[in-house]
Structure formats: structure tokens, C-alpha cells
Amino acid sequence: MPGALSFVLSVDTEEDNWESVRTGLSAENVRELPRFADFLARRGVRPTFFTTHEVARRPWAAGLLRDITAGGRGEIAAHVHPWNTPPFSGMPPSGGTMLCHYPVEAQAAKLGVLRDTLAEHTGLRPVSFRAGRFGAGRETILALIRTGFTVDSSVTPFHSWRRYDDGPDFVGAPTSVYRLDGRGDLRTPVADGPIIEVPLSAGYTRFALPRWPRIASLAHDRYARWFHLPGVAARAGLVQLTILSPEVAPIRHMVALTRRLVEGGASHLHLFLHSSSLRPGLTPFVTSRADLEHLYGALDRYLDALSGIAPVAFRTVAETAAAATCAPLATSTLPRRDVLPLVVAPPQACAPRRLLLVSYHFAPDVTGGASRWGRLTKNLARLGWDVHALTASGGADGHLREGVQVHVYPAGAVAAGAAPPLPGGGLWWGLGAGFEARRLVRRFRPEVVVTSGPPHAAHFSGFVATVGTGTSRVMDLYDVWTGRRADTSVSARLFWALLTPPLFRSARRVLASTAELAETLEELCPAVQVSVLNDAVDPEELPRGPTPPLPALSIATVGGLDRDREVKPVLRALRLFLERHPGAATTSRFRIAGPAPDEVLALLATQARDYGVEQQVEVLGSLPHAATLELLARSQVAVVLAQHQGPRVPVELYESCAARIPTVVLAERESATRWEALRLGADVREVADIEGIARTFIDAWNGIVPQRTAGTVASTEQSAAESLQSLLEIEGTTPAPPSDRAPAPSSSVESILSGERRVNWMWLADPPGWDRALDLTVGPSVLERALRLRFADVATLDCATAFAGAHGAARDESSPRLPYGDFTFDCVTIHGTWGELLRLAAAGGWSDLAMLRECRRVLRPGGFLYVAGNNPYYRRLFASAAGAGHHGLSKTMGAMRRAFLTAGFARVQGYYVSPSHRFPGIIIPSTYRAALEYERFSAGRSKQGHVRRILATLGLHRILHPSMAYLVYR
Amino acid sequence: MNRELRDLLAAAGYARARDDDGWSGAVVIDNSGGVPAPPGLPEDTARKGFKLLLLDRWGRPTHFARCGRATDVAFERETALVDTLCTVPALARVIPKSRTAASARLRVHLTAYLPRGAYERMVRMQDPVAWERSVGEILEVSALVARCAQEAVPALRPRTEHVALAEEAAPKLELLRTAGIPSSYLDALRAALASAPPLPRRLQHGDLWPGNVLWHEGSWTLIDFAEFGHVEVPMYDVLHMAQYHGGPRGPFWTGLWLGPGDAQDGWTRASRRVLAAEAEREGLSPAEVAATTVYYLAHISAYRLRHGVSHTYREFYLEELLRVAEALLAGHTLEELALTH
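For the record, the sequence lines run as chains A and B. Residue numbering for the first sequence follows this note's numbering, starting at 1 and increasing by one per position. Residue numbering for the second sequence follows this note's numbering, starting at 1 and increasing by one per position.
So that you can see chain B by itself, here it is in the shape it has in the complex:
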């Protein structure tokens, strides 16, 4: 194994890295190259790096390592955040133990290996009741992480108590404007968001979906904190999480979430209950929930646009956003579009 990598792994806590035979104890996963970066590679390719599944001398996995470029600021932020959070006693079972080591050109983020019990594999087999219970628990865990993060990481403490949605959404709407969304649509969305009152500022995970949630030793564990804290608008995580369940993925705005959906559908009712519970916990009115949904749609459309996600995964949100904009242009208000029960 490369000496630099070996030293960093050892510094991060993988004892076997010092063994002569350390290389045979590492499974390389998702090798995209680029670490350290040779010249001439496109930035997005060079950033990818590789991952290692590290085994002990009996072949059992003990650690998982992500290896990236030391100059990758986003990677540095994420690893620092996770290293801090995993030391918070309240999060001992929520965030896996991790440690980071870096050289001038390589950063290694080593986490304890958790047997792969991603919620992603379980969610499709759940019935609506079990799903509602699971999501509720996951959202509680996420809220706990947010609270602890605010205390443990000063940089994440809110600058203000409230968040103005129109202000938060402005850069996203601008990005959508450059993507060719008609100005009239964006103006309507901007006006609707401006009409919403300031909402309480809440740290969000930012990518809370079943693939980033593990079920380990009787509790929920969250991983992938790359986007953590970038969003401070309430309801964001629940809106993101509640899309993934065992039922059909219906129209976002008009059917499943808001508006006159088929109330007889078990999944629709479960989704709405999850949403309503979270809204109640945050003390939000239906119109405010509608406003956060508009923000969510604008944010995720712009995010996926910026990060080059395939249009298949972007178009869905964009269409929903345009549908809302059309309704607003037709004279409807957020209250009229909002969840009514």
C-alpha cells in the first residue's frame, strides 16, 4: 500500500495499516482516480477520489475510509464536522466514530464500519404505519443532531433567530433564471415566498434520504454530512425524506403533499400525517408549510442543476415548481394551495 496512505490510515486509527500486508486488507471501492490529482483531469473527476473498506486480520470489516484531495474544501468541512459531532456523548449512537488525517495532498476520513443496514433496503418493505413510525424517529434523530451541532460547532450557530424565505431562496431563483425559467414564473414564486412570515431558523441535514440512514444496534445512525447546515429552513428534511416510501411516487404538489389528494390512499395519508406532525412540532401554519415546500422545490431544483445531476432526477422537481408558479400566476394564494388537514 502507498506509504502516504498507510501513514494517514494509521494516524486516523486503522492499526493494521502498519502491517506489511496492509494492502491485502483493503477493498478499493468506487475508484475514480484523481488522488493525488494528476494534471489535466477535469475538476469534477479529480475530486472523486476513492473509498476503502478496511478489514482486520481475520477479514472482517472494521473501518470505512473516504480518500479525497486535501484541497477539497467541502470535504474538509464535512470531515471536521463529523469528527466533532461523533465526540458529542448524546450522539454516540447516532454518528459513527470517525477520525480524519491529512497530508499536503491527501485527506483520509476513517469511520468505524457499521454493518450495512441502510434504511434504503428496508423502506420498500414497510407498510405505511411502520414507515410513518420510522420516519418520525429518524426526524427526531435529525433534530437531535441539529441541536447538538449548534452547541458543538460555533460556526453553525444561527446568526439570526428567523429566516426570511424570499431572501434565502433568492440565489436559487437566480440560478433558475439563468436556466431559462421564465421571469414571470420566478417573480410569482418570489412574491409568494415574500408573503410568508419569517420562520424559525433550523439546521437541516440537507440530504436526509433512506440511503443516508442506517439501522445499527437498535438505533438510527446518520451518515453523509456533506450538506449539513447549508439549509436552515424548517421542514426541508421532512419534505426530502417523506418522498421515499413503499408506495407509488405521486405528483408532488397536487396529490401527495398538498392540495386535494386521494385521502383514501394509505401512503398519502401517512405522508400528510408525517408532514403535519413536523409542522406542528415547528409551530407552522399550513401556509407556512406551503411556503417551505416552495423553497424546497426551488432549492433542490437549483442544487441539482448546479451539481449536474441527470435531468431525470431534476426535471421532476422543476415541473412541480413550475406547476406551483402557474397556480400562483392564476391567482391562487399559498393558503389555498396549502395542506388543509
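One chain only, chain A, in its complex shape:
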């Protein structure tokens, strides 16, 4: 349609940050473009993406742009935000957001950098350009000419940007395509100018196009402005200045403007919007999911209306310039390289997932576990999630941090002590934040709400936010749920007793930072699925470059002090060290960073005096996080005070180990910290082992650095975020009830404690050989590492993947086909995934019997199938409707037994397992006498013990144990 009216849709593809800033930038909104591109492609529209340097410099974003414009489906063009496009030379000029205020050399340099970055990352050299904030001037055109651009699209006719950082005035500019040479005003066409201007479509909703200059001069008249005549005229429906953008113009104005332009003989129509408007909350135009859907709807309706106004040809900016001027089409293809080393964005088959985090603390605040979610959300955003956070931490409401939109519900709303305290305090904040979170849920429609505590008020907020909405809620705890505090009133305890069960049961999953904490939480609320998500250290936060060491022996502890984590043992050890190395006294220092209550500091001063080390102790107080990490990196020894932490692992353990200096950890023998510290290669000491602590100091002084196992510190937050993503994706995207399977253990704590218990179980069960084992999983294998300790060869089969392929490939199969020969394995394990396996089999049209037969087929004679999962009797009793889907072994014991025998197995033995199949500490044959004798053997004289004995005597033993297991012999 060569003679048809051109329709151009351009997208300012830019960073998330609406404000003109150079730091804290992210470009996650680009992940929304595939959906938008699909939408446009269905309507035949071929967009032009004016891309900023912040987007172009990210290989994944550039790759994504290249993909969605490939094959002539669109054009990639350049868009300069001068405040964050390099090079930066000296102070930006006054009005620094407008490119036209920069010297022409600076403009050309920025243009050159952007052009080269785009060329490098997309393989395409752009030919079209738009200035950020429409801030193009005469020199900009000169810079464009110098840098090889041929098309500009910065002019907005009848609009003046004088009031915005002294921007350009385009009142009187043509509405059609014209040429410029950079020697005159941008509003004045130059017949043979080398730059083709494709202005945006802007103008008035009424009157013929030739009259618009007159209307504009009237509207900009000083007296008319005094009397607000343009506004009055707009309100009266007389005439309205508008621009073709669904962000700011209602559809009726856009249609009216279009009619006027078409009637006036315009060469093209040019609609534009910002990419950041495609992710709600980033621009003032689209603040909610509803707004976004409205924007899509408006575009749809506008395109419908357009088709009734005039026939149009959908073109890119460069094509429009060529068509209007009969100039040869300036192609943006740059066949410099056949194959580009692109880092393509993560797969975006569907729209990005959305998550709302509710946490009292949030980064950059590093209190409690704030840093944990600061890092996790950052990496989730990088994995393509649309992440919002609601917090009491400081900062402006709605500000962006590392791709995360941070909403603030201030802590001032907390009326401390005025109500029954939540564990960690802040009921009123929890309530207020809950309503605020509920508003955010309506606004952004997250698929999952994650609450993190302590303070556990956040969990209450999440409960308030999601109850009745159908949104999944995941609770993350990095400390025990201490709802039954002895110092609270009776009413408070009653409040807790009432609140705790619904709070936990309505959660789809509970995340714990350690295996020990997970075990504690499982006991607190057995109906809920608890998964372990360890803390880690963010490599990006570690100091870069050389860190000169501090003089002499520099010891650092960075977690602060409190009453539980006393520092006296370190002072004693320091005293011992100084007694043996008196020469080190003058320059050696023990630096304590982090918060500390006054009374603890006073005690520290006294103790330091008592031990004669007051000269060596330096209290630094709370430091910025970066300074804390630098202190560790420059010290010779790190001390982690982890006394009385129970199932918690302080984050400073990871930070200290990441600093790669000798780390002494003071922790109790059975604490979670001890296990984790051992895994990380730290030196674990008990508080009374002063000699041992001093020995580490002496070794460090003598330059003896212990060899740490390579890779032990390499637990990155990226991997943690990926683990979290796999957990959350199950929650947010799978319509089926959540499975009871556990995620892959991310720490060796679990593998040492629980894995070894499971291994021991395997050994007791005695397979015919120790050659081959098969673990059938849905997702990552939980048992693999444990099995590998015993079996020579361990195969794991993710049935979610295997069956998905089989569904398509072999629908005619009457049973699922495991990709192994007959008699291959000594044992087959289904650990906590029984229910999910059956669902997968059912989805393929296969019965559970067929599934079992297939398991039997691959077993050697004498081999056994090991099936473990939640005890349905126990869960049914304690689980709510929400938790009912967590049943691992969905059938009754008799039905399970019948199914196994019908499938051809020779012998079935059932067992009750406590505290859970993941921690098989107690394994009881599922017979009346065995269960009763166990209760008689173990139960004390407590009321609970009496009740258990009575239940067992009455034959109700099957409700006494959380998990069950079957050994099914071939």
C-alpha cells in the first residue's frame, strides 16, 4: 500500500526509573515487551523501539529487542537520556535532562556511544533517533548528522517544553514529515536537509488543520493563559490540545485528532508510549494492572476506530521517513557479524510473574533478614519477575530499587504496646500494612504474596492482604515463630492461640532459612509444607579490587551485640593472645560493628577493662553495609557471635566466610550455625573454648590461614533466587493443589542430618545390591545426594519433564514408560512426591496401577520400591481445607497396600515415621502392637504422653505420626 497513510507506533524503550537519575537503574520493564509486541503483531502494527543506553547496555534486554523485531517486525532506534548516557564529562549543564543543552560534541559523543552499544548488542546500527524528554535542538540535528543518523522523531507539534527544564518549543512545527539540516529552527523545514523529521502526531481535536497555528498562538497568548482560556476551552469541549498517546489522551481525543489530521492531509500518524508504562507503577500513567489492561484496551479500540477512518499502512519510523520523502530506505541492519555473542534473556514464554513482598525491614536497611530479601528480590527481578515490596523501611513511596518497586507503609503507624504483641511486635503496623498490601494486591494482582519476618507482623499483614482473594501466600521465617511468650498477657496468648493456626494453614508454603528451623516449624504446624531456603551472600556486594589489610592483628565482628551473644569469650581469648604476643598489643584491634544496646556496651567496657584489652577494643557502631563488608575484607580474623541462635544462622556468617579470612564462629554444639559454619569451612568454637579461639588469633598473627574447601562460600543469591523461583512458580502457576515434595536441599546441613538418616533407612531396608538406585522426582531430587553415599550409580528422573514429553510423543501408550530397561535397579525411591506423580500420571491418562507396574518392571528381583510421604490420617486431622492438598500419600493404608499387591509386588511393609519422612528419626511398623509398644516405651508421664498412650490403645495410632513410608518388595 505505497500511497496509503503511514501509521507509526513508537515506544520509548527505557529504564524503569521515571526520575532523571544515574544510579539505582534497572530495566525490568523490557520484559513486558514480548507481550506488547505480540499484541501489536496481531493487529499488524510494526513498532519502533527508541532504546536508551540503559536498555541497550544489558545484553539480555538488547537480545530480547532484537528477537521481537526480527524479520522486519519492527525497528530498533536510539533514544538518548543524556543524564545517564555516557560519556559523562564534567558537570551536566543547566537543564541537564534536555540533550539540546549539551555542547554539540557531547551530544555527538553520547549518540555515538548509544549507537555503538546498540550495534554491539543487537547487531543493528540504528538510523532513527528521539531525544529524551523531546529535548532535541539545532545542535542535536548536527550531532545526528555527524554520527550517521538519518531520521529524527523528537518533534511534538504545538507543544512547548519550556517549562520542563527549559526544553524546546515545538509550537508551529509541521505535523507531516519534513527535512532538517541543523542550521535552523527545528520547526522550519529545509528542503534538502539530510535529516528526515518524523514528528509525533499532536494537535487539536477540533478545527481544520490549517487553523491550528492560529489556535496555538491564541492559546499561548499571555492574556489567554492568565485567564486559563486553553483549560476553559478544553473543559467546555470546544477544543483540546492533545497528542497521540494512550498514556495521556483519552481515546475520544485520539480519534478526534486522527480525524483532523487525516482530513488535513497528514502524511502519517505517529502514536507513542513508554515501555515503562507496560509495567504498572513505574510511570504516573499506568499505576495498576487495571490501568495496564485499560491501556491495552484503549489501543485496541483506537486501532479499530482507525480502520474506519482511513486505510493505513503500518510502518516503522525509518520506513515512514522513506515513504514520505521518497528517499531510499535507510536500513538499520548491520551485517557486521553473522553470529552475535548474545546473552539472550531468560525464556519469556508467558508474561512475567508478579510477586508482592511484605517485610517490615527491607534493603538497604540490613536489620534482621532485610538483606536476605533485598538480594532475593533483586535477583528475582532479574529472572523476570515483577516484584513489589511493602515495607516500613525508609525511602519514598513507590521508589525503585534494583528493579523492585518499593512501597512504604511507615513505621510511625505502629502503636507499640497498645495491643497484644505479635512475635517481634507491631500488631498495628501489621494491620495497617495488611490493608495497604490488600490495596496493592488489587492494584498489581500479584500471583504470590511473600511475607517475611521477624517482625512477624508482616505475616499478619499478608494474611489480611490475601484472605478471600485467592492469591497464594508464602511465609518466610528466619527466626522461630515465638507466639507463646511467657511474658505476654493471657489475652495476648489467647490471641496467638487463635491466630496462629489459620495464619499457617492458609499459607501455601513456609520457607525457613535453615533445616533446623524447618523442622521446628513443621512441628508447630504440621499441615503446612515447609521448605528450606538458605541465606547466602551476594557477590555483587563484596568489595571489588584490592583491599589493603589493616595493620597487626585485626579482628572484626560485624553482627552487633546483644544480651545473648556476649563477647566475653573473645575478650578472654584476646587477652590470652596478647599475653603470648605482647608486641602486638599496640596495633592489634578488635573492631565491633553493628548495633548494640547501651547496657551491653557498658558491660563490654567493663569486661574489656577487666581483661585489660580496653585499648584494643573499638566499637564502630552501625556501619553502612558496604563499609561492613570492607571491614571484613581488610581484617585478618572474623568472629561470628552465634550463641543462643538455635535454628537461626546469622547472615554475618556468610559475609565473614565470603571475605575469605579465617572465621571463628561461637556457637553451641547442636546449633544450626555450627553445621552451616562447618559446611562453609569456618572454625567453630564453643564459648568456653578460649584456648581454641586464641589459637585462631595466634595462627592468623603467624600468617597461618586454614585451607577452606573450594567453593564452600560460593553460595550465591542468584542460585537462591532460582530455588525460590522454582518454589514460587509451583505456587503461582500450577492450578493443581500444591505438592508435598520438598525442594532440593540447598545446604549440607540437611544432607548431613536428614540425608544420613534416610541413607541409614536404605541400609536397614537392604536392597539386593548397592549398584543402582532410581529416584523418581517431580523437580529436583531430594534424595540423590543421600543415595549417592551408598549406591554406585544413582539415576534421578524428573517425571514432570519426562511425562510431559511422553504425553505428546506417545499418547497411545497404555502406561508411562520409564526410560530404563527391565531389572535395572536395586531400589526405586519416591520420596514425598507420590501424590504429584499420580497427578502427572493421571494427566497422561495412566492409572496409578500402571505407574506402579512400571516401577516394578525396572526393579531387580528382591529389589524394593520405597515410597514415603505425609501421613494422610494425621494430615487430614490437622490440615485445613487449604492444606488438604498437601497429602503426600493420598490413599488409606489398605488401599495403598492393595495397589502395591495388585501391581505385582510380593510384599508390602508400612511404617509410621516421625518427626517426618524427611527426618526419619523414628520408624515404627504400622501394626497395632508396635505402635502401642512404642508409645509405652517413649511416652513420659506428661499429659500428652498419657493421651498418646490412650489413643494408641484405642487403635488410633495412625493419627499419631506425621509421615508414613512403605517398603514394597518385588
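Keep in mind that the hints are not guaranteed to be accurate.
[Claimed, not checked] If the Cβ cut is set under 7 Å, some of the chain A residues that face chain B in the computed set are:
(1) E579
(2) N760
(3) W763
(4) L764
(5) R929
(6) A930
[Stated by the list, open to error] A few chain B residues that face chain A, going by a derived Cβ cut-off under 10 Å, partial list only:
(7) M1
(8) G25
(9) V27
[As the list claims (entries may be wrong)] Now the in silico label distances, taken between C-beta atoms and shown as ranges:
(10) B:R159 with A:H581: 38 to 44 Å
(11) B:P115 with A:P768: 36 to 42 Å
(12) A:T892 with B:S103: 36 to 42 Å
(13) B:S103 with A:A843: 33 to 39 Å
It is worth saying that the hints were derived from the structure and are not from the lab. Just so you know, these numbers come straight off a predicted model, no measurement behind them. Cβ atoms here follow ideal geometry from the backbone N, Cα and C, with glycine treated the same way.
The hints should help you fit chain B onto chain A, whose structure is shown.
This is chain B only, laid out in the frame that chain A set:
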């Protein structure tokens, strides 16, 4: 059930182990893994093993089995000792019948199952008079075991007739020194122990507390001989045992045991009578009792330190020990601190 385990259980006397269905007759208790030990496990975890409650074909418990690593020397010593003692006729009702079987990597210690009547469950319900009587009987049983052990196990026969407390306590005090206890305190304790005369050498159970004492068919039965014979200082068992009763657990040194306690308190008086009776039986003076108490405190503090017991259970003894040391540093003598009645 694993064939190796089955064979060992059968060799130790659990007849049902040979049944095909033997695995359904075993309740696994306290499964901590580690047997046989896979590589890469911390030593203290790998050592734990597991325990089995073994049932007969009607589901009644008949045996209790402890399964550990064959290379665990302490476990080997304990099982050998118990296997020997249970054959002594005089101890037929005191030590349950047991037998051990071992392979190259697994050791199984099988004992006859006694219906669970641990004194631990009863002690809190006793009044001071009943408690005093029970403890007296238990101490007599313990003394009987010690005497029989000396005769039955040559290795346990005393090398010398007397024990020098300072010499015995030296390694414990050294361990406490490495834990940061000030040298002045330890010197004071060492001097006090050195001032005590040599005491008669007596084998002690070493972990005599109500959890290791069962009431079975009208007599007291002792279990858990892991520490048996390691301590040869008199009064150790009574000092350990007498802490567990139905009354409040008061300050060790100053209130309940020695020094001017509240004589009107029934539990205090009962405790002191138990102590006095044992001292009289051993022929010890108050100062010697005080010296054995110092040894006990030093030993148990060091023991719990070495074995990584939670500081909650260790700090109590350590504080008591430091309190004694402070009193000694203040110029008091053991006689002044000792039991006066």
C-alpha cells in the same frame, strides 16, 4: 532387614531376626544414621548409630538393641563390660541380660527388654523420706556392682588402694584452664585438693542419675555403663544422684549440700542425710567430703566441656566451682566450707 544386621541380632540372641518378616518386628528409635559410616560425616554424628526396640511375633517387646560402629572403642568397652557383669550371679537382678555381636563394621549390643520403669519418672512424685530411702537403696546397688566388677573384670581392679585427688583432678583442671578459667582460681582449687588426704579408691558408675536406673520386678536395675569405672573417687555417684529429686534445685555448694543451708527445708535435710550416710559408710571426714565435691565439680565441668554438652547444663557446675574457688581465694579452708552435720 539388612542381612548383616539380621545375622548379628540373631547371633546376639534375637531369634526372630531369622524370620523373613523380621523387619516388621523392629521399631527404629533415635535413628541418627552413620552405621555403617558413609564418608564425609562428622565424627560425632557418625558415632551415634541407632537403636532398635525388638518385638516378638505377637508384638511384645523382648529386646533392646544398640547399634554402633564396630570401631567405636568406647562402645566396645561398654558392651564387653556389661556382657561380663550380667553373668555375675549376684548381679542377676541388677544388670539386664545382654549379649554383643560384631562384624567388621557394625556392633550390636542386645539387652533383654525391661518394661520401661525408669526411676526418672517416679522421682518427681516422691516425698523426701521416700526419696532418701530410694537413693540409699540405689547407692547400695551401685556399690554392689562396683565390688562385683572389681572381681569379675581384672582391668578394673584398683592399681593402688588410695586416690590422690589433686593428681586425679589435674587433667580436668588443665582442660578448664584452656577454657579460660583464670589460673588463680585453678591454683586455689588445686591447692585445696592437694591438702586433702588420699582417699580410698572406689569404682563409680559415673553417670548415676534417675534416667539410668530402672525399677523392675521389685529391684533396682542399672543401665548405661559407658562411664563406668572411669571415676574412682568416692562420693562421686552420690553427689551426682542426689541432685535429682522432687524439690527445687538450689545452689549446689552454698545451700543444699554444704555450708549453712536452710535446715528447715525437707529436701535439704534429706540430701544432707544421704550425703552424710554415704560419707559415714566410706569413713570420710567433712573436709574430705568437701574435697570430693570439689573434684566432682571439676570433673563434671570438664567432662561436659569436652563432650560439647550445652552450656546450660555445664554452666551450673562451672559457676559452683568458681564460687568455691572464690571462697578459697578469700582465705577459707575446705573444713570451713564443709558439711557441718
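Here is how each hint holds up against the structure:
About 11 Å separates the beta-carbon of A:E579 from the nearest beta-carbon of chain B, more than 7 Å, and the hint is not met. The interface hint given for A:N760 holds, since its Cβ lies 4 Å from the closest Cβ of chain B, which is under the 7 Å cut-off. Interface restraint check for A:W763: the shortest CB-CB distance to chain B comes to about 6 Å, inside 7 Å, so the restraint holds. Annotation: A:L764 was flagged as interfacial toward chain B, and the flag holds, the nearest CB pair being 5 Å apart, inside 7 Å.
Of the supplied interface hints, the one on A:R929 holds, with its beta-carbon coming within about 2 Å of a beta-carbon of chain B, less than 7 Å. Evaluation of the A:A930 hint against chain B yields a held restraint, the C-beta minimum of about 6 Å falling below 7 Å. The beta carbon of B:M1 comes within 6 Å of a beta carbon in chain A, closer than 10 Å, and the hint placing it at the interface holds. Using the Cβ-Cβ criterion of 10 Å, the hint placing B:G25 at the interface with chain A is satisfied: the shortest such distance is roughly 7 Å.
Against a cut-off of 10 Å between C-beta atoms, the interface hint on B:V27 holds, since the closest Cβ of chain A lies about 5 Å away. Separated by about 42 Å at the C-beta atoms, B:R159 and A:H581 satisfy the suggested range of 38 to 44 Å. Judged by the Cβ atoms, the range 36 to 42 Å given for B:P115 and A:P768 holds: they are separated by roughly 38 Å. Roughly 40 Å separates the CB atoms of A:T892 and B:S103, a value that falls within the hinted 36 to 42 Å.
Between B:S103 and A:A843 the C-beta distance comes to about 48 Å, which lies outside the given range of 33 to 39 Å.
Violated hints, in rising order: 1 and 13; the structure is consistent with all others.
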